[in-house]
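J.: As a plain string of letters, each chain reads:
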Amino acid sequence: MRALRRVWTLAAKDLRVEGRSLEALVPSGSFGLLVVLVLGLTQGTEPDRAPAVLWVALALAAVLLVERTTEREGEEGTLEALLLYPGSREDLFWGRWLALVVLLLALGLVMGAAQVVLFGVRLGLGWPQLVATGLLAACGLAAVGVLLSALMVNVRGGHLLMPLLLLPTGLPVLLAGIRLTEAALTSGAPGPWIGVLVVFDALFLLVGPPLFAAVVEG
Amino acid sequence: MNPWVWVVAAYACAALVLGGYALWVRRRLREAEASQEVEG
Amino acid sequence: MLRAFLGGATAGLVLLGLALALWWSPPDAYQGQYVRIMYVHVPSALAAYVAAAVTCASGALYLWRRQLRYDHVAQAGAELTVLFSGLTLLSGMLWGRPVWGVWWAWDARLVTTAVLFLLYVGCVLVRGLSDDPERGRSLASVVGVVGFLDVPLVHYSVVWFRTLHQPPSIGPSGVTIAPALLVPLLVNSLAYLALVGYLLVERARLARLEAAQ
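Chains as they are written, first to last, in this note's numbering: chain F, 46 to 263; chain G, 217 to 256; chain D, 123 to 335.
Source of the hints: derived by calculation from the structure; they are not laboratory data.
Because the structure is a prediction, the values reported are computed rather than measured.
Please note: incorrect hints may appear among the correct ones.
Reference listing, derived: stretches of chain D covered by chain F, where coverage requires no fewer than 3 residues with Cβ under 8 angstroms from a Cβ of chain F [to be verified]:
1. 228-241
2. 247-260
3. 274-283
Okay, the calculated beta carbon distance ranges per label pair [as the list claims (entries may be wrong)]:
4. G/GLY236 / F/GLU68: 41 to 49 angstroms
5. D/LEU144 / F/SER232: 50 to 58 angstroms
6. F/ALA57 / D/PRO255: 30 to 38 angstroms
7. F/SER232 / D/TRP145: 57 to 65 angstroms
8. G/ARG243 / F/GLU68: 43 to 51 angstroms
Glycine included, every Cβ here is placed at the ideal spot set by N, Cα and C.
Let's have the full structure, built from the sequences with the hints guiding it.
T.: The following block contains the structure:
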């Protein structure tokens, strides 16, 4: 119970900081929209391309989001300060994770809306599946993101390596997101993709906290 | 093109990559051992 | 003593493998002489995955026990993973171009190997970034562990992404291997495994010596 409250306090802290300045969401969201715009312009805007464009743009924007929140931690020495408080290191992971899930969902909402407008996508009855996809993808990406950002805090040139590590690791999420979005828009079968997302989430939510604890201790 | 060109190219790549790495490791090993003897 | 034996055995196996691959092995009925590239490609892929597994295991051990010797092995393993997966990609291209007519096929195994290569390039790079060597070691260990755990997921998602959408890409999978080709393949696989073992031992020893200075 205490652990839960700690996690909630930490997540609320991260979200409050972001809510005041929006200095992570606005740049990464704008960058994501730019990617959608450029891909739409160069590759065509037939509605059946929308899922791939959406998820590629989302993945790139998510990298930027994770980078920016990491940088903020580093500049202000937040992590060092938080480590001085009693309690388990894994709660720090879960707090940051929860905040990042919310931020990623906000990013996805903005980009999804842009897709509806720019690519003429019709949502229809597939929206519950889209919501589930977004939630599962955000949970998995956030787990990897928090782990990598713990690695890269205060590391010179770390922001350059973030895409090199986050994008290949998150590739299953990207592919699953594209296929599930396609299925939701065309009422097709989801195939094995929900399973892919669930396994990805389970894996990184399982190994994430202990690895995070090992990194911040060492 | 003669198929052996491709075969030889593949083996040359392997020799360059693996041989180069092995030689690099051996040279640095010798250096490290030499400097350790000096210190010792 | 043991190292000299390992070195000698590796050299012997590599020479035997080369002789079998370039001279003893008959040309394949379909692929002709090109099949000789397989004796580089398949063993180096095997070696890359073995090296990645070693990196993952020793990285996890380092994070758990915090003993330097595990990290030396993890460092060697990460470099060897980059080396052998890079060689797998190179030899795959040199094989694919004459046989399939393309340098690169979007085959799941190729994409997975490319992802493995990129992740472990990141793993090697990340070690040098931090000013604190202790921290650099933790970073590289985590990336090594995460990268290897991610590989099966990447592989299956690429398989399904391609095959559920369009016909499976061309690949050497349908061909069953004749014994005359299997023997050189096995010997070469053994030779590459010995090579990985030998390089792992030597590179880890180098890391230990350099850490002691």
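J.: Which hint numbers does the structure go against, in order from smallest to largest?
T.: none
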